[in-house]
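One letter stands for each residue in the lines below.
Protein chains: 2
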Amino acid sequence: MCQLLGMNCNTPTDIVFSFEGFRRRAGLTDCHSDGFGIAFFEGKGVRIFRDNQAAHSSPIADCVKQYHIKSFNVIAHIRKATQGEVNIENTHPFIRELWGQNWVFAHNGNLQSIPLPRNALFYPIGDTDSESAFCYMASELKMRFTQKPTKSELFEAIKEITHEIVKGGTFNFILSNGEWMIAHCSTNLHYLTRKAPFGKAQRIDDDGVIDFNDHAKAGDKVTIITTFPLTKDEVWTKMERGGFVFFQQGEKIDEVLGKKGESIDDGTLGYQKCA
Amino acid sequence: MCQLLGMNCNTPTDIVFSFEGFRRRAGLTDCHSDGFGIAFFEGKGVRIFRDNQAAHSSPIADCVKQYHIKSFNVIAHIRKATQGEVNIENTHPFIRELWGQNWVFAHNGNLQSIPLPRNALFYPIGDTDSESAFCYMASELKMRFTQKPTKSELFEAIKEITHEIVKGGTFNFILSNGEWMIAHCSTNLHYLTRKAPFGKAQRIDDDGVIDFNDHAKAGDKVTIITTFPLTKDEVWTKMERGGFVFFQQGEKIDEVLGKKGESIDDGTLGYQKCA
Numbered sequence: 001m002c003q004l005l006g007m008n009c010n011t012p013t014d015i016v017f018s019f020e021g022f023r024r025r026a027g028l029t030d031c032h033s034d035g036f037g038i039a040f041f042e043g044k045g046v047r048i049f050r051d052n053q054a055a056h057s058s059p060i061a062d063c064v065k066q067y068h069i070k071s072f073n074v075i076a077h078i079r080k081a082t083q084g085e086v087n088i089e090n091t092h093p094f095i096r097e098l099w100g101q102n103w104v105f106a107h108n109g110n111l112q113s114i115p116l117p118r119n120a121l122f123y124p125i126g127d128t129d130s131e132s133a134f135c136y137m138a139s140e141l142k143m144r145f146t147q148k149p150t151k152s153e154l155f156e157a158i159k160e161i162t163h164e165i166v167k168g169g170t171f172n173f174i175l176s177n178g179e180w181m182i183a184h185c186s187t188n189l190h191y192l193t194r195k196a197p198f199g200k201a202q203r204i205d206d207d208g209v210i211d212f213n214d215h216a217k218a219g220d221k222v223t224i225i226t227t228f229p230l231t232k233d234e235v236w237t238k239m240e241r242g243g244f245v246f247f248q249q250g251e252k253i254d255e256v257l258g259k260k261g262e263s264i265d266d267g268t269l270g271y272q273k274c275a
Numbered sequence: 001m002c003q004l005l006g007m008n009c010n011t012p013t014d015i016v017f018s019f020e021g022f023r024r025r026a027g028l029t030d031c032h033s034d035g036f037g038i039a040f041f042e043g044k045g046v047r048i049f050r051d052n053q054a055a056h057s058s059p060i061a062d063c064v065k066q067y068h069i070k071s072f073n074v075i076a077h078i079r080k081a082t083q084g085e086v087n088i089e090n091t092h093p094f095i096r097e098l099w100g101q102n103w104v105f106a107h108n109g110n111l112q113s114i115p116l117p118r119n120a121l122f123y124p125i126g127d128t129d130s131e132s133a134f135c136y137m138a139s140e141l142k143m144r145f146t147q148k149p150t151k152s153e154l155f156e157a158i159k160e161i162t163h164e165i166v167k168g169g170t171f172n173f174i175l176s177n178g179e180w181m182i183a184h185c186s187t188n189l190h191y192l193t194r195k196a197p198f199g200k201a202q203r204i205d206d207d208g209v210i211d212f213n214d215h216a217k218a219g220d221k222v223t224i225i226t227t228f229p230l231t232k233d234e235v236w237t238k239m240e241r242g243g244f245v246f247f248q249q250g251e252k253i254d255e256v257l258g259k260k261g262e263s264i265d266d267g268t269l270g271y272q273k274c275a
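Chains as they are written, first to last, in UniProt numbering: chain E, 1 to 275; chain G, 1 to 275.
Any given hint might turn out to be false.
You can't tell identical chains apart in this list, so a pair holds if it fits in one copy or across any two.
Said to hold, decoys possible - Derived SDA-like pairs (lysine to any residue); straight-line CA-CA distance at most 20 Å: (1) Lys148 x Asp127; (2) Lys221 x His190; (3) Lys80 x Val209; (4) Lys44 x Thr82; (5) Lys142 x Leu98; (6) Lys65 x Gln53; (7) Lys200 x Asp220; (8) Lys217 x Ala196; (9) Lys259 x Ala218; (10) Lys200 x Asp233; (11) Lys44 x Gln112.
Quick caveat, the hints were computed from the structure, so don't treat them as lab data. Given the structure is predicted, the values throughout are model-derived calculations rather than measurements.
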């Protein structure tokens, strides 16, 4: 399995405080050491960094830390390989162009099967279940809509396509086109929104502390989405199984509650570290 | 205008000696300072680094230098903006997935017009002539071949599509799918192949010296393609205008000689530094 990290904001924000805790789970506080990736939207463009080394010690991750890139939308992933070798082509997040926008996707879970697209417009480059599922989703979206549809049409279609994919297994994912971010929970996904009044937070993985008052302005809104909470003194919302949350400008704009029993319990409910 | 750098090898090779000279042209020895990008194929995957800062001083370029990534195929680009703002989405090289492979493209030149694809299967994300031309080429290829064709079919199609695009202006480009690399020359493009017996080389831009005997094995073959030569004591082949050269495993495998008068002389023949 793997872990996911997403950030959606209404102001360009530096993700380093969260990423520094998250990357420790790739070899220090947990075992998700089979490569990592992080994608930063910048305007319509994306900076994407990948390595097949463990994020906690990767020089590419050190570079990301030092550069303090500010972004409205970030998706990161630390990998514990289940399907596919440890190499760059199997490293999340995956990216495709759809209607002239970058679409960025990362997955946590394991899919035993993936539906065949009616017309494969996108093909996986590596050999993970995750990239195949993303290509299925992108192909289906492009077949349904020759031009970019409205946000509500997109959300509705993504829900329908997800319901097809989730029949094959566990499918926690974060997806963004740089305008909004969608999180879907099969087993484990948590989020919180930081806004005024700001306080302090202490990281779980190394006790690093931040006072957001030193960094944020009054109107700032920053949502963090992650497999398991990254801080010990903030209130994280655990997503329901089968649920979707849609974020834009740092806030939840829509939600679909989960239905019990819809998803497959693969034994990863609750934080179980690698043995 | 911009400058291009490509490398195609039969053994994973570190491009830092060439890149360190090349990146000086982005702000020190020349003015191509409007961002840079470099893509390294690694297996079927690609590591791609971009910055909207000048390559000579970019911390992302420093990171690339320090990491000494070895690759069979590398494409890099330093930008002097002609069309489109200085931002990440307008930064070469551009990348698209075609038949389950990464296709990486960088362009030097200026196109006044680009043909409309019969069916736009790929759309530009930014607003450069370069990305539009690449999307036209990728759309045309995907329309002609529902599955990946043979190498010779591909080369023939790329030549035909290039002949359409070049009607619109100057179109020097380097393109790779990780298996081979194609260079097309409208005005300026040079290459050389390093193989045994290896010698020394001195960079033009900062007099840095390397002895390839210290780095290469007997059977190694490394081709470097670049807008203007990077070393002063090696014999570079200047490509003919309108010509194509196809490289694989570090060597020229096919060539189409240019025809005089086929390309547009936009005044950049011969190395003219920015004023």
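Problem set entry | Hints violated by the structure (listed by number, smallest first) | Numbers 3, 9, 11 - these are the hints that the structure violates, sorted from lowest upward.
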